Amino acid sequence: MHIPDGFIDAPTSAIFGAASVAGVAVSLRGARKQLDERAAPLAGLVAVFIFAVQMINFPVGAGTSGHLMGGALAMVLVGPHAAVLAVTVVLIVQALMFADGGLSALGLNVFNLALVGVWSAYVLYGLLRLILPKVRSSVVVGSFVAALVSVPVAAVGFVGQYAIGGSEVFGLGAVFSAMFGTHVLIGIGEAFITALTVSSLLSSRQDLVFGWKAPLRSPVEV
Amino acid sequence: MIRPNEDPLKHPISDHHHGHDFGERLVLHRHSIVHHLEPQVKILAMFLFIIVCVATPIHFWQAFVVYGLLVLGTILIAQLPLNVVARRSLIELPFVFFAIMMPIFGSGERVEVLGVSLSRLGIESGASILVKGTFGVLCAVCLSATTPAREILRGLERLRLPNLLVQIVSFMIRYVNVVSDEMARMKIARLSRGFEAQGVRSWRFLANVAGALFIRSYERGERVYLAMLSRGYSGKLPDTGHGSAGIRQWAQGLLLPVLALLVLAMTNIWMSR
Amino acid sequence: MSEAALLVESLAYEYPDGNLALHDVSLRIERGERVALLGPNGSGKTTLVKHLNGILAGNSGSVSVDGVRVDLQNKDSLRRIRSSVGVVFQDPDDQLFMPTVREDVAFGPFNMGARGEELDLVVKDALERVGMWELRDRPPHHLSFGQRRRVAVATVLSMSPKILVLDEPSSNLDPASRRELADILRGLDITLLMVTHDLPYALELCERSLVLAGGHVVADSRTREILRDTDLLSRHRLELPLGFRVD
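From first to last, the protein sequence lines stand for chains A, C and Z.
Position 120 of the first sequence, counted from 1, bears residue number 120 in my numbering, the numbering being contiguous throughout.
Position 204 of the second sequence, counted from 1, bears residue number 426 in my numbering, the numbering being contiguous throughout.
Position 204 of the third sequence, counted from 1, bears residue number 699 in my numbering, the numbering being contiguous throughout.
I should point out that these hints are in silico values taken from the structure, not numbers from a laboratory.
It should be emphasised that the depicted structure is a prediction, and the values quoted were computed from it without experimental measurement.
Cβ coordinates follow ideal geometry from the N, Cα and C atoms, glycine included.
Please note that the accuracy of each hint is not assured.
[Said to hold, decoys possible] Pair by pair, the computed Cβ-Cβ distance ranges are:
1) 564/Z <-> 250/C: 52 to 62 Å
2) 702/Z <-> 32/A: 42 to 52 Å
3) 473/C <-> 163/A: 32 to 42 Å
4) 477/C <-> 629/Z: 33 to 43 Å
5) 615/Z <-> 315/C: 45 to 55 Å
6) 136/A <-> 713/Z: 52 to 62 Å
7) 667/Z <-> 458/C: 23 to 33 Å
8) 515/Z <-> 250/C: 41 to 51 Å
9) 571/Z <-> 33/A: 51 to 61 Å
10) 484/C <-> 130/A: 20 to 30 Å
11) 626/Z <-> 473/C: 51 to 61 Å
Kindly generate the complete structure, drawing on both the sequences and the hints.
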C-alpha cells in the first residue's frame with residue numbers, strides 16, 4: 001500500500017505533504033519530551049525493528065502471504081511519538097533507496113501509515129485500556145483490536161486521498177469496498193501477530209512494553 | 223500487504239533487497255557526473271523532476287516522451303546497466319496490474335481498441351499512473367544505484383531534514399545489517415533444531431521471533447545510547463561540514479527538473495494554440 | 496601523595512529491581528598503572544564500569560577520577576568526567592554507531608568542542624595509534640571484529656582520556672587480533688583498567704590485578720601472585736586455560 005508517484009494528483013499530494021510535516025513535527029517534540037536524548041538511538045533501533053519485521057511474511061491462505069506493517073505494534077511497544085518517527089523514517093528510506101512508494105507521494109504514505117495508522121491505534125488502545133481491567137491480558141486484547149482496526153483505517157485514509165486527488169475511473173464505492181475488504185483481512189493477520197508479539201514480550205520483558213508501563217498518560221504530557 | 227507466498231523467514235535483507243549490505247550493495251560504482259554530484263543536489267533534482275512529471279496532465283503526451291528521454295539519458299550518463307535498472311523497478315509491479323485493470327473495468331465512455339471495448343478515462347488514468355509511477359521508480363533506482371546510503375543520509379541532512387530524523391535514519395542505516403545478521407543467526411539456530419514454520423499455526427512462532435527481535439533491537443538502542451553518553455553526547459550528531467555543493471554542481475543537477483519544466487511550459491503553449 | 500587516577504571508596508549499588516550488584520567496593524589506581532579487574536560473569540564488573548563515567552550513581556560511596564568526584568547532578572563536571580574516562584564497551588557494534596570510522600572517532604572530540612582542523616588532527620592521531628587510519632572511510636560493518644574493536648579503542652583515545660577502561664577487550668578475538676590489540680594497548684602511554692576474565696591476557700598486559708566477586712574486591716595484588724593462588728581462583732570461578740602455567 002505504498003502509493004507510487006502519479007497515483008494521486010500533485011495538489012492533493014502537496015496538501016497531505018504539509019499535513020504530514022505538521023504531524024511529524026508534533027511527534028518530534030513529543031518524542032524529545034518523552035525520551036529526551038535517548039529518542040534518537042531508541043527510535044532508530046525501533047525503525048530497524050519495523051523494517052526487519054516487515055520482512056517477516058505470514059501465510060494468509062490462497063497462496064499469498066501478508067507482512068506486518070508494524071505501526072500498531074510499535075505504538076504499543078514504544079508509544080505513539082517514537083512509533084510515528086520510526087515508521088516515517090522507514091517510509092523515507094524505502095522511498096529513497098528501494099523505490100518503494102513514490103517520493104512525491106511520501107506525504108500521502110506518511111499520513112496513512114505513520115499518522116493515521118499509529119494514532120488510530122493509539123486512540124483505540126487508550127479507550128480499551130480505560131474500559132478493560134488493569135491486567136496484562138487487557139494489553140494483549142487492546143493491541144489486538146488496535147492492530148485490527150488501524151490497518152483498514154489507514155486504508156480508508158488512502159480512499160480519502162483517492163477521492164480528493166485520484167482519477168474518476170473507478171467509483172468511490174468500488175475503491176472503498178476493495179481496499180477496505182482486503183485490508184480487513186490483512187488487519188486480522190496484523191492483529192494476531194501484534195497481539196502474540198505483545199503477549200510474548202509481556203511474559204519475558206514486560207518492562208519494555210510502553211502500553212503496559214504507561215498506558216493511560218496523555219502522550220502530550222509524557 | 224499482500225505478496226506471493228514465500229518462505230516466511232528467509233534472510234530478511236539479502237533476498238528481498240538485492241544484496242546483503244543494505245544501501246551499499248545497491249550502489250554500482252562508476253565514474254560519472256551523476257555519481258559525483260553531491261547527494262543533496264541529486265535528491266532535490268529528483269524530487270523536483272518528479273513533481274513536474276506528476277503535475278503534467280497525461281494528454282500532454284509529447285512532454286512525457288521528452289521526460290522519458292531525460293530519465294533514460296540520466297541512466298545512460300550514470301552508466302547503469304539497463305537490465306539491472308529494469309530488475310530493480312519490478313517493485314512497481316502491483317501498480318502496473320492496477321493500471322491495466324483501469325481501461326478494462328473503468329467507467330464512462332467506451333472506445334474500441336483493436337476490437338476490445340475499453341474505457342477512455344481508464345486508458346488515460348492507467349497510462350498516467352503507469353508512466354508517472356515508472357519515471358518515479360526509475361529516478362529512485364538511479365539515486366540508490368549512484369549514491370551510498372550514508373551519502374543519501376548526508377544529503378537529507380543538508381536539505382535540512384530535522385536533526386532528530388537525520389539521527390534516526392543514521393541509526394537505521396548503521397544497524398539494519400547488524401539486526402538482519404542477528405535474524406539470520408536466529409533462523410539458523412531454529413533450522414538446526416528442525417523447525418519449519420507452516421500455515422496459520424506458525425503465527426505464534428513468528429510472533430516469538432518478532433518479540434525476540436524487539437528485545438534485541440531495544441536493548442541495542444539502550445547500549446548505543448550509553449556508548450554515546452560516555453562520549454559526551456548531548457542530543458546532536460556532529461555535522462561533518464565538508465562537501466557543500468558548488469554552483470556548478472547545482473547547475474548540473476538542476477538541469478533535469480529545469481528542462482522538464484521548460485518542456486511542460488512549451489507543451490502547454492503548444493497545446494493551447 | 497598525588498591524586499589517584501581513579502579512586503573508588505565504599506561504593507555500593509543496588510539495581511532498581513532489588514538486585515544488589517556492588518557491595519562496598521574500594522580501589523585505587525595510580526597514574527600510569529595498568530590494572531586488571533578480574534571476576535566471573537555476574538560479579539558486578541560491568542556495573543562497576545558504568546559507575547566510573549557516571550552512567551550509574553552508587554547508592555552510597557564515591558568515585559573520583561583524577562581528584563574530581565563523579566556527580567550525576569553536576570552536568571558540567573559530568574562532561575569532564577566522561578572525557579577523562581574512556582570506556583570501551585564489550586560489543587564494538589554498540590560503540591561504533593556512526594556511518595563511517597572517521598565520523599565515529601570524531602564523535603567524542605566534537606562533543607567536547609573540537610572543530611575543523613583541530614578535530615581532523617585528533618581523529619587522525621587516534622586512528623594512527625591503533626593502526627586504522629587507512630580504513631577511515633569504511634563503514635564499521637565492513638570491518639573485521641578485531642578491526643572494529645581497535646576502532647572502538649580509537650573512539651575514546653580521540654578524547655585524550657586520563658584513564659582507559661576496557662570491558663572484556665579480548666572477547667571474540669582470534670589469536671592474531673588478540674596479539675595486535677595487546678601490542679597497541681602496551682604502546683599507549685595511559686592509565687588502563689581492563690575488566691576481564693581472560694587471565695592470560697591480564698598477565699600479559701597488567702602488572703597488578705584486582706578480583707571482584709559478589710560485589711566485593713576480594714584480592715588486590717600482583718597479577719602473577721593472584722594467578723598462582725589456585726585456591727583463590729577456584730573459589731571465584733576463575734580458571735586458567737588448560738596447560739597454562741604461571742611460574
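Hint check results:
1. At about 56 Å, the beta-carbon gap between residue 564/Z and residue 250/C stays in the expected band of 52 to 62 Å.
2. Range check, residue 702/Z to residue 32/A: Cβ separation about 47 Å, and the 42 to 52 Å hint holds.
3. In this structure, residue 473/C and residue 163/A meet the distance hint of 32 to 42 Å, their C-beta atoms being roughly 41 Å apart.
4. As the Cβ distance of residue 477/C to residue 629/Z is approximately 37 Å, the hint placing it in 33 to 43 Å holds.
5. Taking 45 to 55 Å as the suggested C-beta distance range, the pair residue 615/Z and residue 315/C conforms, at roughly 47 Å.
6. Between residue 136/A and residue 713/Z the C-beta distance comes to about 41 Å, which lies outside the given range of 52 to 62 Å.
7. Roughly 32 Å separates the CB atoms of residue 667/Z and residue 458/C, a value that falls within the hinted 23 to 33 Å.
8. Hint check: residue 515/Z to residue 250/C, Cβ distance near 57 Å, so the stated range 41 to 51 Å is violated.
9. Here the CB-CB span from residue 571/Z to residue 33/A is close to 24 Å, at odds with the stated 51 to 61 Å.
10. The given range of 20 to 30 Å is broken by residue 484/C and residue 130/A, whose C-beta atoms sit roughly 59 Å from each other.
11. At roughly 43 Å, the beta-carbon separation of residue 626/Z and residue 473/C lies outside the given 51 to 61 Å, and the hint is violated.
Checked against the numbered hints given earlier, the structure breaks hints 6, 8, 9, 10, 11 and satisfies all the rest.
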